[in-house]
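Protein chains in written order, with this note's numbering: chain A, 710 to 795; chain B, 710 to 795.
In case anyone wonders, no lab produced these hints; they're calculated from the structure. Certain hints may be false.
Copies of the same chain are indistinguishable here, so a pair counts whether it falls within one copy or spans any two.
Heads up, simulated EDC-like pairs for lysine to aspartate or glutamate below, C-alpha to C-alpha not over 16 Å straight-line [said to hold, decoys possible]: (1) Lys737 to Asp722; (2) Lys789 to Asp759; (3) Lys789 to Glu733; (4) Lys737 to Glu757; (5) Lys789 to Glu744; (6) Lys711 to Glu761; (7) Lys721 to Asp759; (8) Lys737 to Glu786; (9) Lys711 to Asp726.
Protein chains: 2
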Amino acid sequence: VKFHATILIELKDGILDPQGRAVEGVLKGLGYRVEGVRVGRVLEMELEADSETQAKETALAIAGALANPVMEVYSLEALKPLQEVL
Amino acid sequence: VKFHATILIELKDGILDPQGRAVEGVLKGLGYRVEGVRVGRVLEMELEADSETQAKETALAIAGALANPVMEVYSLEALKPLQEVL
């Protein structure tokens, strides 16, 4: 079965985020009342697995492989059988 | 009221994604059966608004300001009053 996975990889709370700070400055310049802007990565992919449980394990293993364990945290934002996505 | 917003900004389907292709190559090299890997940005932020409706409007306006309308699409992944996040 094919699954569609959405993975978020974000900087840990304590880690300085210069890109987020720059975006926050831009948004404040535009007049928006925002704080604590953080920029991370989102990965979308299709993966082949025998069951939803296996798909979840695979997606989390992939997220773990792509994240930097010292500076980043990852989460599985969504996991759906592919026909539901189409 | 303060809200926590999670915004996704991703390349449109037809747009070539070299970073996604590179990540896909790495994952396949590690033995994962993945396809169609796409890499985008996730933004987390706190914003001040009078109501959830206003917060949603503001978050979508911010997403629209940060996305490139020619190449990217944006979506509001999550919006929660701040106390629920803490």
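Cross-check of the supplied hints:
1. Lys737 to Asp722: Result: close neither inside a copy nor across copies, 21 Å intra and 31 Å inter.
2. Lys789 to Asp759: Within. Shortest intra-copy distance 13 Å satisfies the 16 Å Cα cut-off; inter-copy 35 Å does not.
3. Lys789 to Glu733: neither (33 Å within a copy, 19 Å between copies)
4. Lys737 to Glu757: The answer is between: 12 Å across copies meets 16 Å, while 43 Å in one copy does not.
5. Lys789 to Glu744: Answer is between: at 15 Å across copies they meet the 16 Å cutoff, but 32 Å inside does not.
6. Lys711 to Glu761: within (9 Å within a copy, 36 Å between copies)
7. Lys721 to Asp759: So Lys721 and Asp759 fail the 16 Å test inside a copy (32 Å) and across (29 Å) alike.
8. Lys737 to Glu786: neither (28 Å within a copy, 22 Å between copies)
9. Lys711 to Asp726: For Lys711 and Asp726, the Cα distance exceeds 16 Å both inside one copy (35 Å) and across copies (21 Å).
The structure fails hints 1, 3, 7, 8 and 9 (numbered hints given earlier, in ascending order).
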